[in-house]
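Peer 1: Letter by letter, the chains look like this.
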Amino acid sequence: MITAKDLYKRYRNTVAVDHLSFEVRPGVVTGFLGPNGSGKSTTMRLMLGLDAGGGETRFDGERFTSIRRPMNQVGTLLEAKPFHPTRSARNHLKMLASANGIDDARVDEVMELVGLGQVRRKKPKGYSLGMAQRLGLAQALLGDPRILLLDEPTNGLDPHGIHWMRDLLKNLAAEGRTIFVSSHLLSEMQLMADELVVIGKGNMLFNGDVDTFVREFTQTTVVVRSPSAIEFKARLEREGATVSVEDDGALVVSDMKIDEVGSLAFSEQVELHQLSERSASLEDAFMSATGESEQFVAQEPVKPATGGAQNA
Amino acid sequence: MLDALRYEWTRLRTLRSTYWLIGSGLLAAAAIPVIFGFAGSDEPLNAEMTAVGINGGASFGIPFLAVFMAVIGIFATGHEYRHGTIQPTLTALPQRSRLILAKVLVVSTVTLVVTLASMALNAAVLLAFWGEVPSLLDDPLRSSLIGYPVYTLIYMLIGLGLGLLFRGVPSALVVIFLMPLIIENVISGLSIIPALDWLVPVVKFLPFTAGMLMMSIGGLDMGPGAPDYDFFGRLGSGVVFGTFAALILASAWTLFKKRDA
Numbered sequence: 001m002i003t004a005k006d007l008y009k010r011y012r013n014t015v016a017v018d019h020l021s022f023e024v025r026p027g028v029v030t031g032f033l034g035p036n037g038s039g040k041s042t043t044m045r046l047m048l049g050l051d052a053g054g055g056e057t058r059f060d061g062e063r064f065t066s067i068r069r070p071m072n073q074v075g076t077l078l079e080a081k082p083f084h085p086t087r088s089a090r091n092h093l094k095m096l097a098s099a100n101g102i103d104d105a106r107v108d109e110v111m112e113l114v115g116l117g118q119v120r121r122k123k124p125k126g127y128s129l130g131m132a133q134r135l136g137l138a139q140a141l142l143g144d145p146r147i148l149l150l151d152e153p154t155n156g157l158d159p160h161g162i163h164w165m166r167d168l169l170k171n172l173a174a175e176g177r178t179i180f181v182s183s184h185l186l187s188e189m190q191l192m193a194d195e196l197v198v199i200g201k202g203n204m205l206f207n208g209d210v211d212t213f214v215r216e217f218t219q220t221t222v223v224v225r226s227p228s229a230i231e232f233k234a235r236l237e238r239e240g241a242t243v244s245v246e247d248d249g250a251l252v253v254s255d256m257k258i259d260e261v262g263s264l265a266f267s268e269q270v271e272l273h274q275l276s277e278r279s280a281s282l283e284d285a286f287m288s289a290t291g292e293s294e295q296f297v298a299q300e301p302v303k304p305a306t307g308g309a310q311n312a
Numbered sequence: 001m002l003d004a005l006r007y008e009w010t011r012l013r014t015l016r017s018t019y020w021l022i023g024s025g026l027l028a029a030a031a032i033p034v035i036f037g038f039a040g041s042d043e044p045l046n047a048e049m050t051a052v053g054i055n056g057g058a059s060f061g062i063p064f065l066a067v068f069m070a071v072i073g074i075f076a077t078g079h080e081y082r083h084g085t086i087q088p089t090l091t092a093l094p095q096r097s098r099l100i101l102a103k104v105l106v107v108s109t110v111t112l113v114v115t116l117a118s119m120a121l122n123a124a125v126l127l128a129f130w131g132e133v134p135s136l137l138d139d140p141l142r143s144s145l146i147g148y149p150v151y152t153l154i155y156m157l158i159g160l161g162l163g164l165l166f167r168g169v170p171s172a173l174v175v176i177f178l179m180p181l182i183i184e185n186v187i188s189g190l191s192i193i194p195a196l197d198w199l200v201p202v203v204k205f206l207p208f209t210a211g212m213l214m215m216s217i218g219g220l221d222m223g224p225g226a227p228d229y230d231f232f233g234r235l236g237s238g239v240v241f242g243t244f245a246a247l248i249l250a251s252a253w254t255l256f257k258k259r260d261a
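Note that the protein sequences, when read in sequence, are chains A and B. Using the working numbering, read the first sequence as starting at 1 and increasing by one per residue. Using the working numbering, read the second sequence as starting at 1 and increasing by one per residue.
Quick caveat, the hints were computed from the structure, so don't treat them as lab data. Ideal placement from N, C-alpha and C gives every residue a C-beta, glycine not left out. Worth double-checking, as some hints may not be accurate.
Said to hold, decoys possible - Derived pair list, reagent style BS3-like, types lysine-lysine, alpha-carbon separation capped at 27 Å:
#  : chain 1 : residue 1 : chain 2 : residue 2
1  : B       : K258      : A       : K5
2  : A       : K170      : A       : K5
3  : A       : K201      : A       : K233
4  : B       : K258      : A       : K81
5  : A       : K233      : A       : K5
6  : B       : K258      : A       : K201
7  : B       : K257      : A       : K5
8  : A       : K81       : A       : K125
9  : B       : K257      : A       : K81
10 : A       : K257      : A       : K233
11 : A       : K123      : A       : K81
12 : A       : K170      : A       : K81
Unchecked claim - Output of the computed footprint for chain B on chain A, the stretches with three or more beta carbons under 8 Å from beta carbons of chain B:
#  : stretch
13 : 46-60
14 : 75-81
15 : 97-104
This is chain A alone, in the form it adopts within the complex (with noise of 0.2 Å):
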C-alpha cells in the first residue's frame, strides 16, 4: 500500500505538484495520468524523497528515506538510460544489489526475465531505448519488492514489449503487489490499469477505478438511425434531449437514456434502423477530465487550401 499525502512541489512562480493525495492498494495496477507537463515524474520523485518538497508519501507504512535495503520494499522505474555508459548492464545491476544485500544469482535471473540475459555483458551504450527500459524494468524488480513504482515503462518498447510488460504487471498485481505505474499512452491504460490518479497541473482531476472515471468524464450517447430522422430529432428535442446529427445521417442523443428513446420512437410509431449505446472511451474521459489542465498545447495543424495555387 502507498499512501501519499499533501503532496507539494514548488519551483519558483510554478506550482508543480498542488497537495496532492492518494492511495495506491495492494492487488490492482494502479494507472497514474496525466498530460505532458502535469506533474507526474515530480509526483513520483516527491514520493521517493529525490526531489525536496512538502508533504510524505508512505510505502507499507514507512518512509522511503527510512528503509534499509529499500530496494527489497520498493522497486522503481523513474528515467529511461541512467546507465554509466561504459559499465556493462549486469554491473551495474551489481552495483545496485550490493547497496540491498542482493546476490549476484538474482541479478542473472531478472536480467533473463526482462530478456537481457544475451546481453548482461554489453555496456548500456549500445542499447536502444526499448532495451533500457528492461534494463530499468531488471533493476526495479531486482528486490523481488512489494511495491513498484514505474514512470513510463513502457516508452520505447515495441508492441511485442509493451504486451509482455502488461501482463507481467498484471500477474505481479495479482501476487498482491502494489503497483503504480505513469504512462501518457491512454489505450494502454484501459488494457492495464484498474485504478486510476489523474492529474492535471498537479491538482488531482481523479482519483477512482476506471469504469467511473469513464462514467464521470463523459456522457454515454444513444445513436439512431431512421428514415425519420429530421422528424424524430425534432421530437427527442422537445423532450429536452440534446441532438446531433453525424455525416452518415445517424441520429447522437445524449441527456435521454436508450430506453427512454426507444419509447419516444415507438410511441410517434418512428421506424427505426439502429438504436444502439455508443459508450466513450477512457481516451474521451482523459480530454473531458484534462482539457483545461494542459500544460504545453500545440496548435492546432493547418489545412491546407484546396484548389489553390501551387507553390513554385
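Following the hints, complete the assembly by docking chain B onto the known chain A.
Peer 2: Using the frame of chain A, we list chain B on its own:
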C-alpha cells in the same frame, strides 16, 4: 553503512576510468625519478631530490598522481549527475549522508593505497639508478614523505567535493586545474609588484601552495625577487589546505542533502 561501502566499492571497481586514471597517475609519477635517473645518476642523491623523486614531482609543483586521484574523486560524485545514475543510486541508498560518507571513505582508502604504491615504485626506480637512497626514516625526508599521502588525499577530497558541488564533471575539472595552475600562480606573481604588496600575507593562505609546503624540503622557490611570505610550517600549511578541502566538502554535502537529485 556496510551496504553503502559495498555499493561504492562496486561502483569504483566496475568503472574502466578508475583503472586507466590510476595507471596513468602511477606512470606519470614514476616518470619523474626515471628522468632524474637518466639526468643525474652520477651525482649523489640528496634528501630534497629523493623527496621530489618519491613524491613524483608533487613538491616541485607537478603533482601528477594527486591530479589523477582528484579526477577519480570528481568522477565519484560528478559522474552520478553526468550520467543520471544519481536516481538509481538514491533509490538503492536513500540515506544521502551515508552515501557521501561511503564515497569519501572508499575513494580515500584507494587514494592512500595507490599513493603508497606509487611511493614504493618511485623509491624502487631511484634505487635502481643510484643503488642506494638516503634513509627514508630520518627527517627532513621522513616528514616530507608523510606529507605526500596526506597532500594527495586532501587533493582528491577537493575533487570529490567539487564534483558534488557542481553536480557534474566539466566545471569541477576546470576548477581543479585552474586554481593551482593559474589563479594561485597569478596571485603569487602579482604579490611581487610593490603596488600589490598587500597580497604578500595572502599567499601563505593559498590552499594548493600551502599543500605543497607539506612535502617541501627547504621551502618553496617563488622566483627571483620574491618577498618573504612567512609561510606556515608543514603542519600549519596542511591545516590551510585541509581547511579549504573541508569547506568545499562541507558546502557540497550540505547542499546535496537539500537539493533535488
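Peer 1: Does each hint fit the structure? Answer for all of them.
Peer 2: Evaluation of the provided hints:
{"no.": "1", "hint": "B:K258 - A:K5", "in the structure": "holds, 20 Å"}
{"no.": "2", "hint": "A:K170 - A:K5", "in the structure": "holds, 26 Å"}
{"no.": "3", "hint": "A:K201 - A:K233", "in the structure": "violated, 40 Å"}
{"no.": "4", "hint": "B:K258 - A:K81", "in the structure": "holds, 25 Å"}
{"no.": "5", "hint": "A:K233 - A:K5", "in the structure": "violated, 50 Å"}
{"no.": "6", "hint": "B:K258 - A:K201", "in the structure": "holds, 25 Å"}
{"no.": "7", "hint": "B:K257 - A:K5", "in the structure": "holds, 22 Å"}
{"no.": "8", "hint": "A:K81 - A:K125", "in the structure": "holds, 9 Å"}
{"no.": "9", "hint": "B:K257 - A:K81", "in the structure": "holds, 24 Å"}
{"no.": "10", "hint": "A:K257 - A:K233", "in the structure": "holds, 15 Å"}
{"no.": "11", "hint": "A:K123 - A:K81", "in the structure": "holds, 11 Å"}
{"no.": "12", "hint": "A:K170 - A:K81", "in the structure": "holds, 24 Å"}
{"no.": "13", "hint": "46-60", "in the structure": "holds (count 5)"}
{"no.": "14", "hint": "75-81", "in the structure": "holds (count 4)"}
{"no.": "15", "hint": "97-104", "in the structure": "holds (count 4)"}
Of the hints listed earlier, those the structure fails to meet are numbers 3 and 5, in rising order.
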